Structure formats: C-alpha cells, structure tokens
Amino acid sequence: MTYIGHGGKEIVERVLEPEKAAEAIKGLTPVPIRGQIAREIIDIAYGFFTPLEGFMTRADVEGVCNEMKLANGVLWPIPIVFDISTEEINEKGIKEGDKLLLTYQDKPMAILEVEEIFTYDKQEMAQKVYGTTEDKHPGVARTYNYKDKFIGGKITLVNPPKINPPFDEFFFTPKQLRQKFAEKGWQRIVAHQTRNVPHTGHEWLMKGAWLSTHGELPVEKTLTGVLVNAIIGEKRKGDYIDEAIVLCHDVLRKAGYFREDVHLTSITLWDMRYAGPKEAVFHAILRSNLGLTHHMFGRDHAGVGTYYDPYDAHRIFDQIPEGALNIKPIRVLAWWYCPICGEVTYSGLCGHKEHSQNFSGTLIRSIIQDGVKPPRLIFRPEVFDLIMECAEKYGFGSAFVTDRYLKERNPVFSLPDMKY
Amino acid sequence: MSITINIWINEERYEKLQKAGLASMAEEALAGLKVIKVPCTEEQKDKVLKVFPTAKYDSATTRSIELLPREVKDKIFDLVVEKQSMDVMEDFLKNY
Ligand SMILES: [Zn+2]
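If you read the sequences in order, they're chains R and C. Residue numbers for the first sequence follow my numbering, so the first one is 1 and each next one is one higher. Residue numbers for the second sequence follow my numbering, so the first one is 421 and each next one is one higher.
Calculated from the structure, these hints are not laboratory results. Since we're looking at a predicted model, the values are computed, not measured. Keep in mind that the hints are not guaranteed to be accurate.
[Claimed, not checked] Here are some, though not all, of the chain R residues that point toward chain C, as calculated from beta-carbon distances under 10 Å: (1) Y337; (2) C350; (3) S360.
[Said to hold, decoys possible] With a Cα cut of at most 16 Å, we get these calculated EDC-like pairs of lysine to aspartate or glutamate: (4) K495/C <-> D370/R; (5) K92/R <-> E62/R; (6) K457/C <-> E113/R; (7) K235/R <-> D271/R; (8) K328/R <-> D318/R; (9) K373/R <-> E432/C; (10) K373/R <-> E431/C; (11) K470/C <-> E510/C; (12) K373/R <-> E491/C.
[Stated by the list, open to error] Sample of chain C residues with no beta-carbon within 12 Å of chain R, all distances over it, derived: (13) M445; (14) A451; (15) L453; (16) V501; (17) Y516.
Don't be surprised by glycine CBs; every beta carbon is placed ideally from N, CA and C.
Whole structure, please, built from the sequences with the hints as guidance.
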C-alpha cells in the first residue's frame, strides 16, 4: 500500500500516542481555538492537507497568494493560517521557538510549534485569493475576521477526536480511505463534492461522472467507484443540516440507486471559502490526498453570488502545469428534466432547451420546506422520506439550519477527556 | 404580475384539485410536479408577513411569498379545495 499524496509527498499522520501525548503537553501554554482551526488541525494531522505539516508561514502564504504555490513549489491555492491577536501573544508571552497547547471544547487538542509570528495584509490576501475585497463575499469576510497576527508552524494532534453519530461511519482518514478503495478493487474513483441533499439531478451528475471516469476500462469487474465527499464545516442559517446531507446521499446506495459495489459516502471537515476556481483546485488537491483519481466539477463549483463565471472552476485546470496535480477533472454541464424526452437528461445532449425544466435550488428548497412528496423523477422517495425524518430527528423540525440547530445540535466531533 | 403564494401539487393533491374542478389552474413546475399560484392583494400580503414572521416576500424575481410554515400552506390548499376557488386569502386571514 503506497501513501503518496499531493506534491509527491508521503502522507504522514501527525498524531502522538496517548502516553507520549500526556507527557509532551505538560507545562505548555494553553491557547483556546475556534471550530475552523480545530477542523483544520484534524485535516493537517491525518494528511488531508498533505504536504502541509502545520499552519503556513509567511513565505507559504506569499507563494499561495501570488503564484498559487507553497514556498516549496507545490501547487496550493488557499492560505491555511493560524490567526492570533497581538494582545494574546503579549499576554501569554508567546515567542518564536515556543510550543503551544491548542485547546478546543476545553480539552487539549494539539501542539503548535511556533516557527514564525508574522503579519499579512488581509485586503491583499482577499484580493489575491478571492479576486475581490468586498466583505459581502463570505471567504473575504472570513479573511477579514482573522486576528491581526499569524503563527506558522507544525501541528501535532495529541487528543484524537471522537467522531459522533451519525457521522462516525462516514469519517475516513486518507490512509483508511485508500485501504477501503483497495479492498473494493477500485482503480479509478471520482469525487462528488457536496453540501446538498441529493435530488435526481445530483444523482445523474454522479452517474454521468462515473461513466466518464470508467471510460475504456473493462466492464466485467467493478473497477470504478463514486466517492461522495460531503464538506462538513461551519454552518449558516438556511444550509441543509449536515445529518440530512450525509444520510440522504448514503441512502441512494442503500436503496439501490447505486450498486453496493460502486458507491461510498464520506465526509471531510472544511469550512467552505467559496473561492470558486481556486477552491476547485483546493478540492482537487484534497481529494487527491484521499486517493481519488478523478474529480467531478459542475456548474459554478464552490462559487458564490456573481463573483465567478459559472465555468471559471472548469477553466482553471487548463492553467495547471502537467504533473502538478495528480487527479483529473471531470467537467460537466447540468442535468435537467425534459418533458419531451420524458426523463432527467444531460443538457449537453438534449436538444429541447426551450422545454427544459431546471432543478433550481430555490424550487427544490421550497418543495422540501413544504414537505409535499414530489414525483420520484425529482427526489427518490427513500431520499425524500429520509429528509423529513432527519428534519425531525436532528433539525428540530427543519431540514434547513435554524438558530436552534446552530445552538443545540450535537457536535460532529468531541474531544475525549485527557489526563495530563 | 400579481402577488402569489405558490403551492406545490403532487399527484395526491392533483386528484383533489380535479374533484374541485380546479385542475386547469395547476401549472407544470418540474418533472410532473405542479404548482398553483394563490393570488394575494397587497394588503393580504402585508398581513401574511405580519402574522407569519418567518415568511419572506420575493419582490425581485417571483413576486411570491416564500418560507411560510408548512401547516399554513396545507391549510391554504385545503381551503382552495373546500371553496372550489383560488380566491381564499380573505377567508384564510379572517382567523388571524
Ligand atoms: Zn429532450
């Protein structure tokens, strides 16, 4: 089993054994962190972000902003930074060369080696990464919310998180996922990135991408798989609740819309930046670390508002030098319902554009909101029933994030108690 | 274009609409799912938004009242069937 990740670097898990961990954190200055940083620590520690071993130094951020490359020359489009206030640095006497104990949920989580303390012009960072300085852009707003200083340095997880149900069965580290693919005998795996519950438009996107990916391979054995990789991170009011996204994707296979041997559901912890094309490249890197060979990109991938052209996220892959990325983009148009064809069909094939009916997000949300069971050509009945069930079980009556869900939901992961 | 409340019509609801003689009011929305557009006056719209604070009026594109609680829409649909008419908002709002 090889574990070579992005940039040709080996996937290394930066996790200390429990006995060593308790010893290693003794006497370190504790620094509480927020959810985004905690999720990124998990990503770094298990190799989702290979070749990153920690939060970026100034040279890395500069390279990423100006050339979409890390300081070591490896392709990377989005800064992964640890922000901290000058106040906290002074108060705690933090200096380069120190080790900090990062705490989350009032528990120890990871050690951060303070390699460099630096500042960066946040407007410049926003402009270079997102192509705008408007704080209406959620990625820009996130950038502006960073505190005034950054710490670059390596991360070591000292207290591995416990992933809570129902997410536990969908969380795989890059190494675990690669083992899983090997067991299944998959030679090619295509990623479906999602933050939605799947309607049939999504189902067909995945099926179409599977066909493209499988290509010239023989058909007697299942050599190609679809990996649904749901992005789980900070939620905003009106988003689909995480539980519904993950469980409804999984039920597509359980109910037979995908064969048992071609489909797998998984999650990755990440707070969407909505960086459009740059985020598409980031998603490709992430999934190449998971061991995938192909990545489907639809219309307006990871876009927001009108900041990016719907196909910017397709075009950016033409600019990436040969060999810089070890995963192939599968570029697709939307599927729509055509009453003449009498089916959900690919807009790149159907010639009845003037009759076509689109799966508009607003329409789909309104259907779910009203709970009026739609025809199976829109939602598979098993999926729709499960959305309603998830709303009751996890969403306080709503399939969409509410204030109450934000406040009272069960966390996706918890840090166990740790003696030290 | 007048202000409306859009109510989704699946097969089950379509049968009820047919019995009420209103099947022709249903417009095709997506893959066999239909929609009826219950008209609202400006005043009725204001009252709906006041009584149901989660609701939003989409003035820019569809001119429809969105995000009404499910039960409210169910009630409006039942009233359409019962009265065999699309003009139900006055009656509906009497109770509030
Ligand atoms: Zn057609």
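- Item | Beyond 12 Å from each Cβ of chain R, as asserted for A451/C | Given a closest Cβ separation of 4 Å, the condition is violated.
- Tell me if C350/R is really an interface residue toward chain C, meaning its C-beta lies closer than 10 Å to one of theirs. Violated, about 13 Å.
- Item | Cβ separation check - M445/C to all of chain R, threshold 12 Å | Its Cβ never comes within 12 Å of chain R, the nearest being 16 Å, so this holds.
- Regarding the assertion that V501/C does not contact chain R, is the least Cβ-Cβ distance greater than 12 Å? holds, 14 Å
- Query: Would the pair K495/C and D370/R pass a check requiring their Cα atoms to be no farther apart than 16 Å?
  - Reply: holds, 12 Å
- Task: Measure nothing beyond the straight line between the CA atoms of K457/C and E113/R; if it is 16 Å or shorter, mark the hint as holding.
- Result: Violated, at roughly 61 Å.
- Starting from K373/R, check that the Cα of E431/C is at most 16 Å away, please. holds, 9 Å
- Taken at face value, is the distance from the CA of D318/R to the CA of K328/R at most 16 Å? holds, 11 Å
- 16 Å limit on alpha-carbon distance, applied to hinted pair K92/R and E62/R: Roughly 27 Å separates the two Cα atoms, so the pair is violated.
- Item | Restraint check for K235/R with D271/R, where alpha carbons must lie at most 16 Å apart | Distance of about 8 Å is within 16 Å: holds.
- Message: Under 10 Å is the threshold here; is the Cβ of S360/R close enough to any Cβ of chain C for the hint to stand?
- Response: holds, 8 Å
- Query: Taking 16 Å as the top limit, are the C-alpha atoms of K373/R and E491/C close enough?
  - Reply: holds, 14 Å
Hints 2, 5, 6, 14 and 15 from the earlier list are contradicted by this structure; the remaining hints agree with it.
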